[in-house]
Structures are given as C-alpha cells and as structure tokens.
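Student: Spelled out from the first residue to the last, the chains are:
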Amino acid sequence: MKVIYNTLFKRTSTYAVAIIGATFFFERAIDVSSTALFESINKGKLWKDIKSKYE
Amino acid sequence: MLKAVSRAYVRGGAQALSTGLKTSGAAVNTIASRQAHTDLQVPDFTAYRRDSVKDSRRRNESAEERKAFSYLLVGGGAVGGAYAAKGLVNAFLGSMSASADVLAMAKIEIKLADIAEGKSVTFKWRGKPLFIRHRTQAEIDTERGVPTSSLRDPETDDQRVIKPQWLVVIGVCTHLGCVPIANSGDFGGYYCPCHGSHYDASGRIRKGPAPLNLEVPTHEFPDEGTLIVG
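Sequences listed follow chains E and V, in order.
If you're matching positions, the first sequence starts at 1 in the UniProt record's numbering and goes up one per residue.
If you're matching positions, the second sequence starts at 1 in the UniProt record's numbering and goes up one per residue.
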C-alpha cells in the first residue's frame, strides 16, 4: 500500500494516469465478463447456438 | 468603575461605553464577561482512533497506508465513473451516425461484365439515376481529343473517369434536373429532351442551356469486373 501511495497516488498527475490506465482494463473485464454472463444465462437461445439448424 | 470595566472589553466595548454611559452597571457587566471556556475538558476520542495513531508521542508511520486506502476508494469510483461516461458518450454519438440500413443503401455494387461495350445502363442510386457507360475505344479517343478551350465547363476526360472505358455519371441534367437520354444528341453521349442540352460521351455539356457537366460521383474499382459507387 505504501509503495502504491508513493508511486501513484501522491501526485495528481500519476493519480490521473493510473485512473485512466485502470479504466481500460476495467472496461475490458466488465465487458467480457458481462457478455459471458449473458451468454451463459441465455444458452440455447442465441443465434450461434441455433445457427447449425438453419445453415 | 467605568474604567475598570473598560479594561475587560477587548473589542466592541468602547462604543457601548460611550453611548451607554447612563446604562446601569449590571448591564455593562453582563456584556463584559469573557466566556473563554478554559475550564472545559477536551473529549477523549481514543475509542474512535485506529491503534496505530493512539499514541501521540509515537511517530506516525501508518499515514501513507491510510491515505492509500482513501485514494484507492476515490480512484475506484473515478474508474467506474470514467467507464460510465465513456458508455454515455459512445451511445450519444452512436445515435447521431447513420444507421446500418442507410449505410447499406448508400452504396451500389455493379458487375461490369453484364454491361456490353458501347452500352449505357441506368441504375437507381440514392434516389437518382446513375449512368454507367462502357465506352468504345473510338469514343475514348474522341473525348481525349477534345480541346478544353472549346468546353463550357472545362474538364479533361482524365479528370472525369478512373478507367477510360467506364464512364460513371449521375443522370440528372444540370440545367433543370431532367433525366437525359443515353446514346443520342449531336455528340453521341447524352441528350436532355426537356430543353435540348447535348452531352458528349464523357458527360460534358457541349450544346444547349445546361451550365455544368454531368456530375461524377465518387466511385472505385475494387477489382477487375466490379464497380462500387458511393
């Protein structure tokens, strides 16, 4: 925690960069995990699941 | 007596004294009381403090860790806020761009093998007629040989076509917007029946009232035999 505070949070510039950088990974994680959750809930109803019946 | 009281006044009392000479001594004494609360005890907040900061004589070593925790919370909120803001801006800007069906209608793909040499074919594109003309070598040579000084709207044939055998123009007369007739007129290109404008095989105005050449839309040849307009 001490190291994180002294390297990232102490200066506003590094703090802002850390927030922006973390947003990229946060967005990716949220998008991938929410898509996976949606697809697991709707398994069997999605086009990719029934595609083989029509093509 | 008044002198003794005025010493107790620190500020604001002098005016009260000068105007209030006739007030009773009791009233003056009430204003003059100090009310410094020096006898109050400072409450003990030890129960609310973290263990690491209970001893005021010890060096404060946990400050960075505690600040890191606070900044981490605020920073986590900022990350979530930035993600939400990006989503909002994305959705708003996305609502302003053209929808997929509009984009699909904005382009037309044409198989050139179906158009024989010397023929002019009309397509509908963005609600307007689109002329595609497969020019013969004789027509190309004629249009290349026309001096631009003799033209009303001077454009060389090179400026109007990408591949010399394919002429792509919008079939709307630049005079009043009629649709010209292909392969007719004095110059073998297009002829507008409304007011008699003659266009040549490069779509340039040569005779009649129209002021400008037929418009050439942006088009490209992604491969041999395919034309995409739009």
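Hints were generated in silico from the structure; no laboratory data involved.
These numbers come from a predicted model, not from an experiment.
There may be inaccurate statements among the hints.
To be verified - Ranges between beta-carbon positions, derived for each pair:
(1) V:Val74 x E:Ile30: 43 to 53 Å
(2) E:Phe26 x V:Gln159: 44 to 54 Å
(3) E:Thr35 x V:Lys54: 32 to 42 Å
(4) E:Glu27 x V:Val74: 10 to 20 Å
Said to hold, decoys possible - A short, non-exhaustive set of chain E residues, derived as facing chain V with CB atoms under 7 Å:
(5) Phe9
(6) Val17
(7) Ile19
(8) Thr23
(9) Phe26
(10) Ala29
(11) Ile50
Ideal placement from N, C-alpha and C gives every residue a C-beta, glycine not left out.
Student: So which hints don't hold here, by number, going up?
Tutor: Violated hints (numbers, rising): 1, 3, 6, 10 and 11; every other hint is consistent with the structure.
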